[in-house]
Amino acid sequence: MYAGVWLLLLLAAGTLGVPEDEESRRIYLQFNPGSSSSAVNLLHTRAVGNGSTIHYVWSSIGAPAVLLIYTETEHSQLRLNWTKLLSPDPSGAIAIEPADSVLYSTALAFTRIFEYNDVNNTANFSGAAERYFYPSYDLSNFVWENANNTLNSSSLSFHLTGVNATDPTGSFRNGSISFKVTAYDRHGRDASSPRLLHTANCTKLEFQMSGVQPRGNRSRFALEMFTLEEKSGRKKKRSVRSIDDEYTPTIFEVIELVPDAPNASHAQGYFQWKSVAYGSQNGTRSDSLPCVVHGLQDMNGTLPAPSIIQAFYGEQLGSRYNMVALNVSFGIADGDFYDKNKYLVWSALVGYGTPPRDSFSVLVICIMAVALGLPLVLLIMGTILVWYLKKTVFTNYQPIN
Amino acid sequence: MCFLGFGSYFCYDNPSALQAQVQLDMKVNTADFMQLYAFYSWPNVVLCFFGGFLIDRVFGIRLGTIIFSLFVCVGQVIFAAGALFNAFWLMEAGRLVFGIGGESLAVAQNTYAVSWFKGKELNLVFGLQLSMARVGSTVNMNVMGLVYQRIKDAMGSAGHTTLGVTLMIGAVTCLFSMACALILGYLDKRAEKILNKEQGKTGEAIKLTDVKDFPLSLWLIFLICVCYYVAVFPFIGLGKVFFMEKFQFSPLQAGAINSVVYIISAPLSPVFGFMVDRLGKNIIWVMCAVVTTLAAHLMLAFTLWNPWIAMSLLGISYSLLACALWPMVAFVVPENQLGTAYGFMQSIQNLGLAIISILAGVILDSRGYLFLEVFFSACICMSIIAVVMLYFVNHIREGDLNLTSWEREKQQKEAEVEDESE
Chain A
1 MYAGVWLLLL LAAGTLGVPE DEESRRIYLQ FNPGSSSSAV NLLHTRAVGN
51 GSTIHYVWSS IGAPAVLLIY TETEHSQLRL NWTKLLSPDP SGAIAIEPAD
101 SVLYSTALAF TRIFEYNDVN NTANFSGAAE RYFYPSYDLS NFVWENANNT
151 LNSSSLSFHL TGVNATDPTG SFRNGSISFK VTAYDRHGRD ASSPRLLHTA
201 NCTKLEFQMS GVQPRGNRSR FALEMFTLEE KSGRKKKRSV RSIDDEYTPT
251 IFEVIELVPD APNASHAQGY FQWKSVAYGS QNGTRSDSLP CVVHGLQDMN
301 GTLPAPSIIQ AFYGEQLGSR YNMVALNVSF GIADGDFYDK NKYLVWSALV
351 GYGTPPRDSF SVLVICIMAV ALGLPLVLLI MGTILVWYLK KTVFTNYQPI
401 N
Chain B
1 MCFLGFGSYF CYDNPSALQA QVQLDMKVNT ADFMQLYAFY SWPNVVLCFF
51 GGFLIDRVFG IRLGTIIFSL FVCVGQVIFA AGALFNAFWL MEAGRLVFGI
101 GGESLAVAQN TYAVSWFKGK ELNLVFGLQL SMARVGSTVN MNVMGLVYQR
151 IKDAMGSAGH TTLGVTLMIG AVTCLFSMAC ALILGYLDKR AEKILNKEQG
201 KTGEAIKLTD VKDFPLSLWL IFLICVCYYV AVFPFIGLGK VFFMEKFQFS
251 PLQAGAINSV VYIISAPLSP VFGFMVDRLG KNIIWVMCAV VTTLAAHLML
301 AFTLWNPWIA MSLLGISYSL LACALWPMVA FVVPENQLGT AYGFMQSIQN
351 LGLAIISILA GVILDSRGYL FLEVFFSACI CMSIIAVVML YFVNHIREGD
401 LNLTSWEREK QQKEAEVEDE SE
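Top line first, the protein sequences correspond to chains A and B.
Quick note: the first sequence uses our numbering, first residue 1, plus one each step.
Quick note: the second sequence uses our numbering, first residue 1, plus one each step.
With the rest of the complex left out, here is chain A (with noise of 0.2 Å):
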């Protein structure tokens, strides 16, 4: 009796953590809308539902960027000026219809990917010596292949895979880096790892480096981006620890880019991710390869190449936006080197309103519900069953007396 109260007590208290935004949204992926060249890739998402669209914008013209667009109806559209979009000065190409209805909007973009010489295997990125680095590839001077070929309309997925255009020393030869993208349209989590939680209002992002022939046999990896925020707030690393790691075994530290504004009036976007990517396709624990957020750097210059951000920013970006860069750093002391399995893969989730938290899985709760409430239970019983044996043995002892 007493472990089904606490079974109840726990429940409850599991389903408290149970997030309240398990609402749905219809998912519109397109390619090029609005042109019939197949020579770059831009690939609209709408997620529309609960009297609001959720549009992103990911594309691979310039670096690879996606921007995220809050609109409070669903009837917003993207209205897309493709002639000054591949012309040399793209603001404006990019808005949204009507405009005043965009809420919240912010952007992520990805500009290089820096290699390491790790020689004494201390994974310590920021602390590396120049000479040490290779030249690191820009992304902005990738060749993308077309993207309409890998859009998969049921399970909502897409990629951008790039090659070095250059490529002098024959790296990217059997591999390539891409982008995975795909959007969710309901509440659930993953299936594989890092296992992430996901709402109907976030987008994932998966990094991929896979058959990339490293430089040095002891190399590691960084990936840097660059987001931005209105003036009014800045983007602030959160660092989540918590205590639960059933479904990203040994990883206790999701990471959010959130934008520091205590008194918005309305929710944000957020980027997350679980302190880990993977050396191996099956992403078992032996190949994790826990990853390290180094500085958000302010950057108030211009945008290093053209791209979907300036088009829809439009110019001056330093002056009324706060953009900041930092880096993503691969790998763990005494680890293993990419070299092992030439792979690698790190998810994100690109999204608005509160990010996603894990709670207990009912198989905890039930576990130690059960294993907390039966001894308790016992020692209730025995006492009554010793008690009534005490007192059998009591009155038959007293007509003897």
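Certain hints may be false.
[Stated by the list, open to error] The calculated DSS-like cross-link candidates involving lysine-lysine, where the alpha carbons are at most 27 Å apart (straight line), are:
| no. | chain 1 | residue 1 | chain 2 | residue 2 |
| --- | --- | --- | --- | --- |
| 1 | A | K342 | B | K281 |
| 2 | B | K240 | B | K118 |
| 3 | A | K180 | A | K342 |
| 4 | B | K240 | B | K27 |
| 5 | B | K118 | B | K27 |
| 6 | B | K118 | B | K193 |
| 7 | B | K281 | B | K193 |
| 8 | B | K118 | B | K413 |
| 9 | A | K390 | B | K410 |
| 10 | B | K281 | B | K410 |
| 11 | B | K240 | A | K340 |
| 12 | B | K212 | B | K27 |
| 13 | B | K193 | B | K27 |
| 14 | B | K27 | A | K340 |
| 15 | A | K391 | B | K281 |
| 16 | A | K180 | A | K237 |
| 17 | B | K118 | A | K390 |
| 18 | B | K410 | B | K118 |
[What the hints assert, rightly or not] To spell it out: a stretch of chain B is covered by chain A in this simulated footprint if at least three of its residues, at any positions, have a beta carbon under 8 Å from a beta carbon of chain A; those stretches are:
| no. | stretch |
| --- | --- |
| 19 | 106-118 |
| 20 | 386-400 |
Derived from the structure by calculation, the hints contain no laboratory data.
The beta carbon of each residue, even a glycine, is placed where N, CA and C say it ideally should be.
Following the hints, put chain B in place on chain A, whose structure we already have.
Just chain B now, with coordinates in the frame of chain A:
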């Protein structure tokens, strides 16, 4: 007597203390390296049992102890020779021989303790033995690396020969243990002559099938033992990464906190042994120990509190449990079955450890540390259930497990009076 086990515990953890050196000099990977421990463990699942049986039935305690310590010595020498000749299979064979002696020697040690100290300071003696064992492990962890370094300096280069010589030096502690076994045998013989005391066997016919006649209390003690130890040792084995990932400790700190259980139990075991001797009430102490361990595991699983608290609690409760649990066996089985009972206890403990270690690895890989901690907590809860049942069984059958020490003394005196009057 306490030094009897020193050599075997010292050498047991030799591989661990020299892990890096062994792997480098012998050119083996971690899985192969772990085989050194597996080769020690697997035969013991069966052998402890026979070890106990052999002590009770065939050799008697004196000869048995000497034979087992001989096995330990020879095993360690073969192990070292394997390194000298750069033959890893020989090292594994050495560990096998070492294992045959090692755990059985522990059984012999327990039997000695009971035959000399039952009704006196039994708990204290068990505590002292445990602390000696821990001192052996700790000294080994700290000394072997240094010895290796010295020899390397003296020889000018590192290699399998260096490793072999280092391990040979380790074998000296085994010789020392064997000397202890001989002295013990001599003392025991003399004591027998002087005090007309019988050796730890009575010549009564005992069969292996006696196992089925073990009282319920003994089975419950076995259950407590297995469920408890499987939640402690495999956890310590997997603990380092846990402290590094969950609590962001450096590898050095993580190693330190992981060994704190052993470090605490070395000085504390005799203290607790003395205390339990003075106060009796073994079941209550076991209960305290198990509940404290559960608290420690829950803390590690569900909080981000400083793990030093939980690990210290674990160290304290671990020493308390060892002091209060092991001597209980002596109260529930007749003296002539003691060797068998201890052997059996050691056997199923080894079996449990071997199985749970593998299982724990699988759980960790698929479901992570939280689930692993929940699993260990469930094991501990199982142990609590067994303690509660033991308490009631003992209560109903009016056993003497939970008497205070003065009650025990009284009982013993009454028994003596009865003996004399007969």
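Taking the hints in turn, this is what the structure says about them:
no.	hint	in the structure
1	A:K342 x B:K281	violated, 62 Å
2	B:K240 x B:K118	violated, 39 Å
3	A:K180 x A:K342	holds, 18 Å
4	B:K240 x B:K27	holds, 24 Å
5	B:K118 x B:K27	violated, 49 Å
6	B:K118 x B:K193	holds, 19 Å
7	B:K281 x B:K193	violated, 34 Å
8	B:K118 x B:K413	holds, 14 Å
9	A:K390 x B:K410	holds, 24 Å
10	B:K281 x B:K410	holds, 15 Å
11	B:K240 x A:K340	holds, 24 Å
12	B:K212 x B:K27	violated, 47 Å
13	B:K193 x B:K27	violated, 54 Å
14	B:K27 x A:K340	holds, 19 Å
15	A:K391 x B:K281	holds, 24 Å
16	A:K180 x A:K237	holds, 23 Å
17	B:K118 x A:K390	violated, 31 Å
18	B:K410 x B:K118	holds, 14 Å
19	106-118	violated (count 0)
20	386-400	holds (count 6)
Hint check: violations occur at hints 1, 2, 5, 7, 12, 13, 17, 19; the rest are consistent with the structure.
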